[in-house]
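Peer 1: Protein chains in written order, with the numbering used here: chain A, 1 to 508; chain B, 1001 to 1143.
No wet-lab data here; the hints were simulated from the structure.
We put the beta carbon where it would ideally sit given N, CA and C, even for glycine.
Honestly, I wouldn't trust all of these hints.
Here are a few chain B residues that face chain A, going by a calculated C-beta distance under 7 Å [said to hold, decoys possible]: (1) Met1001; (2) Leu1019; (3) Ile1030; (4) Gly1033; (5) Leu1034; (6) Leu1041; (7) Phe1055; (8) Gly1057; (9) Val1063; (10) Phe1115.
Beyond 10 Å from chain A on every Cβ pair, some chain B residues (computed) [said to hold, decoys possible]: (11) Leu1010; (12) Leu1046; (13) Leu1084; (14) Leu1090; (15) Asn1106.
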Amino acid sequence: MTVDVLTLLANVVNPVNFSIMTAGVAGGIVVGALPGLTATMGLALLIPFTFTMEPIPALMMLGGVYVGAIYGGSISAILISTPGTPSAIATVFDGFPLTRKGKAEHALVTAAFTSGVGGVFGAVILLGIAPPLARFALAFGPAEMFWVAIFGLTIIATLASKSLVKGLIGGLLGLLLSSIGLAPIGGDMRFTFGFWQLQGGIDLIVGLIGLFCIPEVFHMLEKKGEKRYFELYKPQKGVARSTIIELIKKPVLLLRSSIIGVIVGIIPGAGGNIAGILSYDQAARWSKHPEEFGTGIIDGVAASESANNAAVGGALVPLLTFGIPGAPPAAVLLGVLMIHGLRIGPELFTTFGHITYTFLIALIMANIVMFVLGFYGARQVARMVNLPENLIAPIVALLCVIGSFAIRNNMLDVGIMMSFGFIGYVTRKLGFDPGPIVLGLILGPIAEIGLTRAMLLGKAAGSIWVVFFTHPISIVLIILCVLSLLWPVIVRERTKRRIQRGEKVGVE
Amino acid sequence: MAIVTLLLALATWREAADLSELGAVFLNAIAIGLAIFGTALLISGLIKKDKTNPFEGVTRSRVLAVGIALAMYVGLTPFIGFVLTSTLFLTFFFLYFGKREFKALNILRHVLLAFLISMGFYSIFHYGFSIPVPTGTLWGFLS
Chain A
1 MTVDVLTLLA NVVNPVNFSI MTAGVAGGIV VGALPGLTAT MGLALLIPFT
51 FTMEPIPALM MLGGVYVGAI YGGSISAILI STPGTPSAIA TVFDGFPLTR
101 KGKAEHALVT AAFTSGVGGV FGAVILLGIA PPLARFALAF GPAEMFWVAI
151 FGLTIIATLA SKSLVKGLIG GLLGLLLSSI GLAPIGGDMR FTFGFWQLQG
201 GIDLIVGLIG LFCIPEVFHM LEKKGEKRYF ELYKPQKGVA RSTIIELIKK
251 PVLLLRSSII GVIVGIIPGA GGNIAGILSY DQAARWSKHP EEFGTGIIDG
301 VAASESANNA AVGGALVPLL TFGIPGAPPA AVLLGVLMIH GLRIGPELFT
351 TFGHITYTFL IALIMANIVM FVLGFYGARQ VARMVNLPEN LIAPIVALLC
401 VIGSFAIRNN MLDVGIMMSF GFIGYVTRKL GFDPGPIVLG LILGPIAEIG
451 LTRAMLLGKA AGSIWVVFFT HPISIVLIIL CVLSLLWPVI VRERTKRRIQ
501 RGEKVGVE
Chain B
1001 MAIVTLLLAL ATWREAADLS ELGAVFLNAI AIGLAIFGTA LLISGLIKKD
1051 KTNPFEGVTR SRVLAVGIAL AMYVGLTPFI GFVLTSTLFL TFFFLYFGKR
1101 EFKALNILRH VLLAFLISMG FYSIFHYGFS IPVPTGTLWG FLS
């Protein structure tokens, strides 16, 4: 079956379909911005509404929600240091410091623009080269997945720039927390202390809200005096335009982040959260001023947001070609495709080509709509930080309670979230960043499953060494791990030498 | 913190001892890592003593007030429900961390605002998104 491009475009711009998609994007932004409501949850909630809809508007709406929610996560990450979705974890690192400096609009416009760029890039890649890329992702076996997780953990070196040892301890604590509950292989029960609710482990969102958000409630109110925790936001003319012009001058950053996003998105199990962190890490490494990352610069927001939105397209590559969802929201989309009788595989691009290609073009359009909504809404949203801190702080806590409860309707999760918050506040004071702990929590299951399966394979093959250290992808990943750990040392030595040279020049 | 890390390593190792080989392998790896980096942190702490106070400038009573309020929030919610607990919680923050004007009219204004905010969030999540919010066992009618 041949697919007529004009017919596809007509499907996308059809007023009804377009309105449904725009509503999906707007709804997705709201869902994403509310901590505890994830893109997956938003998509899952809408499934019943699609039962009676035609496949094209149903998929367009869900695509819009997916795109909008991933961007929406950045809004709360920037304004209240709480990633609305796990994908926006790395956005907090520079987005929130920008808000504290009174530059919330800069951060929000950056997020909207770079999310749009990353999202369009991911969707174009999805449209163009889906099948060959999906085959590459399938080459990742258990050992390779283990090394992917270890590579992710070595990123801690950059995330916790103050102390490598503290960063690595934080990462290990995260891995330890991820091991609570039923062992993924073997079925052993670990660290449950008699609570059946802990058998399912600690939910990532619960840990994330506690570690990132509750410490901010303390920070907002811990000091007496007139000085505000947030600088007042004063609307200035031309901020949005000048920010976008500045971002356009950084094509390498945007392209690199988008490519990272697509590649990570394609790897099953590694979603927008890992894409954002990896991309942030690379942006810091390649920057001429890595020391500015984490202090509130738009490059950090751009790196995270373009990657996590590009990961949307990436996550759909293995889904549409092999039926393997690259991320949890993609798994929900898989369910919707099946509900509407669309069979995964070659038929999706032939028999159902008019639906699939319309959906893919709609994804590109959804990203543009998302940018427009984000661009014009940024100033209004940024005004929120001008509210008194004794109003913002309890509302943040209130959202934390709702968000952590909503995951599993469980008050124990709320208690765990709050405990994480207290621990997060104290450990942050002692120089332990929450980033590595959360990263460990995310990568724990991937690392454990990879390690255990690869060990089983190794035993069956007669050599664990062969399974872990001889596959080409594993070797590349091991080299990347070593480089990742050595990089901060190299940079530190270089900086030392530069300073020494500067001093000599000064003496001369 | 180094001591805490080493104790955690020990606890992890002990937990792994009672598990099957497959369930223990990952925990053992974590325990070894914690022991290595905990020791490194201990040594670096002994060599380079850091005398800066991490809580400098922080008002203890304020931190304590936030901590107790948060703990009470979690503790009371299962009994008197989300709306009532949130109203109490918000009112406390408005009054204690605000301008501290304890006149009847001012208190009433803050209670009303707190109730409206709590009800607003309850309505958005419960009715708008069909997301469950914690309900109380004592006064179910206000959940």
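Peer 1: A closest beta-carbon separation below 7 Å is what the hint needs, so does Leu1041 of chain B meet it against chain A?
Peer 2: 5 Å, holds
Peer 1: Given Ile1030 of chain B as an interface hint, is the shortest Cβ-Cβ distance to chain A below 7 Å?
Peer 2: 5 Å, holds
Peer 1: Is it correct that the beta-carbon of Leu1046 of chain B has no partner in chain A closer than or equal to 10 Å?
Peer 2: 13 Å, holds
Peer 1: Could you check that no beta carbon of chain A comes within 10 Å of the beta carbon of Asn1106 of chain B?
Peer 2: Label holds. Min Cβ-Cβ 14 Å, cutoff 10 Å.
Peer 1: Does Gly1057 of chain B hold up as a contact with chain A if the rule is Cβ-Cβ below 7 Å?
Peer 2: Holds. Min distance 6 Å.
Peer 1: Holds or violated: is the Cβ of Met1001 of chain B closer than 7 Å to a Cβ in chain A?
Peer 2: 6 Å, holds
Peer 1: Can we trust that Leu1090 of chain B is non-interface, i.e. its beta-carbon lies farther than 10 Å from all of chain A?
Peer 2: 5 Å, violated
Peer 1: Using the nearest Cβ pair, does Leu1034 of chain B come within less than 7 Å of chain A?
Peer 2: 5 Å, holds
Peer 1: Under 7 Å is the threshold here; is the Cβ of Gly1033 of chain B close enough to any Cβ of chain A for the hint to stand?
Peer 2: Nearest chain A Cβ about 5 Å off; hint holds.
Peer 1: Could you let me know if the closest chain A CB is still more than 10 Å away from the CB of Leu1010 of chain B?
Peer 2: 12 Å, holds
Peer 1: Does the closest beta carbon of chain A sit nearer than 7 Å to the beta carbon of Phe1055 of chain B?
Peer 2: 6 Å, holds
Peer 1: Far enough from chain A: is every CB of that chain over 10 Å from the CB of Leu1084 of chain B?
Peer 2: At roughly 13 Å from the nearest Cβ of chain A, Leu1084 of chain B sits farther out than 10 Å, so the non-interface label holds.
Checked against the numbered hints listed earlier, the structure breaks hints 10 and 14; every other hint is satisfied.
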